[in-house]
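Colleague: Listed here are the chains, written in short residue letters.
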Amino acid sequence: MTAPVAGDRRGRARIVIAGLVVLLLVVCVISLCIGPSGMSTAEVAGLLSDAVAGRFDAINTVNHVILFDIRIPRTLLGAMVGAGLALAGAMMQGLFRNPLADPGLVGVSAGAALGAVLVIVLGGAFLAPVMDFLGIGALPIAAFFGGLGTTLLLYAIATRRGQTSVGTMLLAGIALGAIAGAVTAYLVFRSNDFQLRELTFWSMGGLGGATWHKILLAVPFIVGVFLAMPFTARGLDALVLGEAEARHLGFNTQFLKSLIILVVALAVGVSVAFAGIIGFVGIVVPHVLRLVIGPEHRTLLPATALLGATLLIVADMVCRTIVAPAELPIGIVTATIGAPFFLSILLRKRGVIDL
Amino acid sequence: MLEVEALTIRAGQRAILDNVSLTVAPGQLTAVVGPNGAGKSTILKAVTGELRAASGTIKLDGRSIASYRPYELAQRRAVLPQSSSLAFPFTVHEVVRLGTSGALNPVDRAARVAAALIRVDLNGFGGRYFQELSGGEQQRVHLARVLCQVWEPVVAGLPRYLFLDEPTASLDLRHQLLTLDTARNFARAGGGVIAILHDLNLAALYADKIIVVSAGRIAASGTPREVLTDEMMRSVFGVSVHVGGVPTDAPFILPHSAHAA
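As given, the protein sequences belong to chains X and G, one line each in that order.
The opening position of the first sequence corresponds to residue 1 in full-length UniProt numbering, with each subsequent residue numbered one higher.
The opening position of the second sequence corresponds to residue 1 in full-length UniProt numbering, with each subsequent residue numbered one higher.
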């Protein structure tokens, strides 16, 4: 080991990432043990060790079903959605060079939601052949294209002669979000009672509907997002200096920006499709971690994925225990944890973070 | 050798650079001077590949700069921007490290960063937050980053280049001199330097060659003695001064014999 160099926070970042791995595992285990059924920790441990050992005597018991068909998929979905949303936030903030940029802010989430609502409302009629072909997979795919479409449109508006204006992009994003919101509201207005019921459940968000089927559909999206991390990390650092500076440092900035936009659409699309619009994860998680381990994306991105996953699983645990047997929409919890935290950081660190 | 030939760049209908030709030779410090809006920054943006030319050619060591891939160009030249703010709380060490190649091992990278900081007179600043530094200190941090990018002025027999956009703009006199000393040493060691300068005295003191830009054209080019004349000062800068003369009344500072203490 060499002595730490002043201003080099990578050593600290590695320790924090190791700690976050442990924290995520602990939170996952707690999440599996908590719920309204009153299953004891010992029973959970017994079922898990049976499964690991290949014994399936208890396969049809209520506890087995609760653990393997409800709690495990729910925890996994929470981890994937949390990691995806937090990563999307971190990448978007790097792209826009603004710690307040967030997929929710620039209309990507609204576009993704429009895609999902289109499938729900028109899935029975107009889009029926597509639905028959894709089944429930239509939802994340439509949300992905909704998010991607919004982002590309935004890009076309804000980019002239290969230069993206961040200011125009942020403002155009607000307008596009409003348009997507208006179309979504119109579709909701036009929908019948059955669709309305489905829409209401979907728009409340949350991880309650997690199934293995959804997990399998979400995995390719999330794997794509994770695979892009090492290819974007150094470029995102350079982009912080400015686009011209990033090019001077040798990065193909147009390719880099396209890749980031694609990855953000993937992460937001799958999250919105399966868990609704969940705010604050994408802003709070990267922000907190920048203060602890610094803004270098090589360490920031993996740490962000881990803490995002942890945060959403914890928020979900709060949702399903605080008013059990009913459930609170998860957006309430993330906003309640996230917003005051965010404000306190803002006030305390005003000097260091120039908004 | 950086060779620009018959370069024209338009913004809409207006030609902001009109048929500009110039060369930047390795081993020399070439200063670009001229009044505000003459097109100095545009020349720099064109030779870094940031702006596309309407017509003309730009060659770096015999090869058109459009044919370089971004990472190839980054290995041949580094660009010091006029100003660059950061949205995130990077430390000085982290900013300078952005200039170092990922091919170096971590220990060498840290050593390179420390050496670059010493060279810009910011020894021990590695742990400070970039955003908390003064404007002049920030500019020197970027100079250190840029130096890291082209640390050896010559690699495999080919010169590397420093493109500096007003490197002395927000610096005090001592650091103006230090910065230009650094640039000149880079040139003496075989690299090429092109610097936009506003202070004609500094240009006269440090440049091997001065290029005067006026209204999108090259008005004069040559050694400081050839270029800085009473006639040029009047026709290009619109001031009637006697070059080499001494002002009568007011106190003045003559940096020609100064050294950074």
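Worth flagging that the hints you see were computed from the coordinates, not collected in a lab.
Cβ coordinates follow ideal geometry from the N, Cα and C atoms, glycine included.
Worth double-checking, as some hints may not be accurate.
What the hints assert, rightly or not - Only part of the chain X face toward chain G is listed, based on derived beta-carbon distances under 7 Å:
1. Pro4
2. Arg97
3. Leu100
4. Ala233
5. Asp237
6. Gly242
7. Val288
8. Val292
9. Glu296
10. Arg298
To be verified - One-sided and incomplete, this derived list gives chain X residues near chain G with beta-carbon spacing under 8 Å:
11. Ala6
12. Gly7
13. Leu170
14. Arg234
15. Ala238
16. Leu241
17. Gly250
18. Arg290
19. Pro295
Colleague: Please go over all the hints and tell whether each is borne out by the structure.
Modeller: Do the hints match the structure? See the list:
1. Pro4: 10 Å, violated
2. Arg97: Since chain G brings a Cβ to about 4 Å from Arg97/X, closer than 7 Å, the hint holds.
3. Leu100: 10 Å, violated
4. Ala233: 11 Å, violated
5. Asp237: Cβ of Asp237/X sits 6 Å from chain G, so the hint holds.
6. Gly242: 6 Å, holds
7. Val288: Because about 12 Å separates Val288/X from the closest Cβ in chain G, which is outside the 7 Å limit, the hint is violated.
8. Val292: 11 Å, violated
9. Glu296: At 6 Å from the nearest chain G Cβ, Glu296/X passes the 7 Å test, so the hint holds.
10. Arg298: Violated - the Cβ of Arg298/X stays beyond 7 Å from chain G, reaching only about 10 Å at its closest.
11. Ala6: 3 Å, holds
12. Gly7: 3 Å, holds
13. Leu170: 13 Å, violated
14. Arg234: With a closest approach of 7 Å, the Arg234/X hint holds.
15. Ala238: With a closest approach of 6 Å, the Ala238/X hint holds.
16. Leu241: 5 Å, holds
17. Gly250: Hint holds; Gly250/X Cβ to chain G Cβ min 3 Å, cut 8 Å.
18. Arg290: 6 Å, holds
19. Pro295: 4 Å, holds
In summary, the structure is inconsistent with hints 1, 3, 4, 7, 8, 10 and 13 from the numbered list given earlier, while agreeing with the others.
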